[in-house]
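Take a look at the letters that make up each chain.
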Amino acid sequence: MRALRRTALALIAVATLCAGAADPGDRLHDPAEEARARALFRDVRCLVCQSQSIDDSDAALAHDLRQLIRQQVAAGRSDDQIRTFLVSRYGQFVLLTPKASLGNAILWVGPLLVLVAGATAFAARRRSLPSEPQNLTAEEEKTLAKLSREKSA
Amino acid sequence: MIDELGQFALALALVLSIAQVALSAAGRLRRDAALAGAGEGAAMATFAAVALGFFALIHAFVTSDFSVMNVAENSHTAKPLLYKIAGAWGSHEGSILLWCLILTGYGAVMAASRRLPFGLKASAVATQGALGALFIGYMVFASDPLQRIGLLQMPVEGNSLNPLLQDPALAAHPPFLYAGYVGFSVVFSLSVAALIAGRVDPAWARWIRPWTLAAWSLLTIGITLGSFWAYYELGWGGWWAWDPVENASFMPWLLGTALLHSAAVTEKRGALASWTALLGIGAFTLSMMGAFLVRSGVLTSVHAFAIDPKRGLLLLVILGVAAGAALALYAWRAPTLKDEAAFTPISREASLFLNNVLFAAATAVVLIGTLLPLIRAAIDGTPISVGPPYFNLTFTALVAPALIVLPAGPLLAWKRGDLPGVLQRLWVAALIALGAAIATLALVSPTNALAACGVALGAWVIAGALAEAAERVKLFRAPWAEVGRRAAGLPRGAWGMTLAHAGIGVFALGAAFQGAWRAEGAEALSFGQTMHLAGYTLRLDQAGSLFGPNFEAERLLVHVSRPDGTTLCEAAPERRMYAAGGQVVSGVAICPTLLDDMYVVSGERRAAANGGSTFLIRAYWNPWVRLIFAGPLLMALGGLLSLSDRRLRFALTSRVGIARARQPAAAK
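Chain order of the listed sequences is W and V.
Per our numbering, the first sequence starts with residue 1, numbered consecutively.
Per our numbering, the second sequence starts with residue 1001, numbered consecutively.
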């Protein structure tokens, strides 16, 4: 629970100290640019917080990063350029979406392997299906009905 | 005095749990009922001893006995009684004691059960005893909840009065969560016992069913409570963040859900036997892993591996020993298990199989996403982040197909299903889903097709679940008297399934709607100024100071009016400053309507240009958010309803038996 408490406190610190990304004083004038910046914020980790994006957090560093991204958006740089810039400065850790790389491949390959294994098991089971069972003859049906009547009586 | 008695009782519990293992194992090997009976007695005695220790800790918290380190660090004289008691499981040591209490409690109930056959029961009681010995041993040697402190360090009032954790939902959250986590321990023990015996059969699947249902339902409630607390207490307007601590509790739930469904196949058709046993081991393994990840502090910060390395490592060893032994046993015995029942691609089994593959893959997503940052950091030192963008996309992609197939599953016959017939019975549900999608596009937003699909999916699952129930009672196809008779005659398990399936649909509906159309706004307002959000108008009316027992607060009054101008509420968000800890905590003000929330948070006061002051107001409009919490509660209710099914209590195997069991009850 100590860990939970620490998480909670960290969340509280960021959730309550300030208004977060929506602070009206910081917004860009162009709503489209602001929306693009907000979308980027959600993918950028607040490096000093615990598993939070800079969109949710208002640690001082998160605020600085937001302003940095807003400046770059206003300067007309593309999302990819901004991401590359952030990674060159802070490392891969800063992006919440893991990069598609060999080291991260397991993120997508792992669940896929589970699906493939499932499909294989399913196919194997289907092959081992015995031949179509014969339908009961009318006489057998009658006997069966009689038996179940006796049992439920 | 009571504290020392408690410590003694816990040490005694360790000895008793070891005796439980030895006696049950010896009884099993020698086929000696008296020895095995003594093992069962030891299981009950272990529980009694742990309960005594737990009582001693509660007593120390209630009487604010600050000579106990745990109480000194985690309690305060000014806490209300409920939170003094809840403080007993608020610390690492206390929560491990709660874990042991529930673990041995389940063990005692299993030992008292008279339905299990001799050999299986003795092995299971021995296994449960071994789990108990591992965790009680950890508690006694590395995590003593009743340790005394020196007289000089003894505080006068206690150190912790964390206001955020003083909350009813959070007080109840750990007991439910642990009751769920640890409930899977019995399934684990029964799986190990079945593997030892080399028999995983329909009877075994029926024995694990009540335990799985109980664990799954309680875990559902526990996770929902935690999510609800995070929603209304933390002031961020969201309800799930894919935080590693959340993921740790979610993984056993996902695998437990798969287990519930695969056990149904094993019970009814004898198929998937070895897979069900593997899930039985896996669910508790993930529970233990969750405990390790959260307890050791590995997860809360990726920068520091193991806050308390010694204890973290010990928990990892326990996890390795328990899960390693069980999985080794599985690898050895699974190939010998009989699992011959075959099924066609269109059958109830096949649909449940698909559910299992998708839920296993979803578990893999959460597991890999949570652990990969740790693994990468350990292997090549590259810190990476796996955050909500990954989880949202991958998880949804796997769960959406499961929800699409869900309504068809219960309508398909075992062995060989009739797909056209099933689809024919689902046309009303399909029409409702289509209608929901069109209504969403027309009334809410014509551009957000993805969200409309989500809404349609939720409606499809709810309508499909109800269609299946209607089918069973022959609604509109038989006279009302017969419908009533059929409804009364349906086993509770069937109603439970309907409720749980409708619950996941309700949740999906809420999550899709809230996710797509939540609105967020923030403005710095001075008195009389307004801001607009989702058609609602928020006007800052006044601000006042407020003095609580241990905090000073600034309370704003925000008048919220509906689009038509009528008043929705007077929201009163607060910013509390706690002098003792120096914390600033915002009290969220939530104005609920039937399904939606207007969620208002007050921010800091700022000097305005004209010399007055403005207040930063943040507000979230959360449409249909109620469904997000109501859905899981319906699911848990469904699980508990199934649990109350007579078939589970009396272990009757045939429908004839059920009919007979009902007759005396009806006669009363």
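What the hints contain is simulated information worked out from the structure, not anything from laboratory work.
Take the hints with a grain of salt, since some may be wrong.
[Claimed, not checked] Straight line, CA to CA, 27 Å or less: simulated DSS-like cross-link-like pairs of lysine-lysine:
(1) V:Lys-1268 / W:Lys-142
(2) W:Lys-146 / V:Lys-1268
(3) V:Lys-1268 / V:Lys-1338
(4) V:Lys-1415 / V:Lys-1474
(5) W:Lys-142 / V:Lys-1474
(6) V:Lys-1474 / V:Lys-1310
(7) V:Lys-1474 / V:Lys-1338
(8) W:Lys-146 / V:Lys-1415
(9) V:Lys-1415 / V:Lys-1310
(10) V:Lys-1338 / W:Lys-142
(11) W:Lys-146 / V:Lys-1474
Cross-check of the supplied hints:
{"no.": "1", "hint": "V:Lys-1268 / W:Lys-142", "verdict": "holds (25 Å)"}
{"no.": "2", "hint": "W:Lys-146 / V:Lys-1268", "verdict": "holds (24 Å)"}
{"no.": "3", "hint": "V:Lys-1268 / V:Lys-1338", "verdict": "holds (15 Å)"}
{"no.": "4", "hint": "V:Lys-1415 / V:Lys-1474", "verdict": "holds (23 Å)"}
{"no.": "5", "hint": "W:Lys-142 / V:Lys-1474", "verdict": "holds (26 Å)"}
{"no.": "6", "hint": "V:Lys-1474 / V:Lys-1310", "verdict": "violated (62 Å)"}
{"no.": "7", "hint": "V:Lys-1474 / V:Lys-1338", "verdict": "violated (38 Å)"}
{"no.": "8", "hint": "W:Lys-146 / V:Lys-1415", "verdict": "holds (24 Å)"}
{"no.": "9", "hint": "V:Lys-1415 / V:Lys-1310", "verdict": "violated (52 Å)"}
{"no.": "10", "hint": "V:Lys-1338 / W:Lys-142", "verdict": "violated (33 Å)"}
{"no.": "11", "hint": "W:Lys-146 / V:Lys-1474", "verdict": "holds (25 Å)"}
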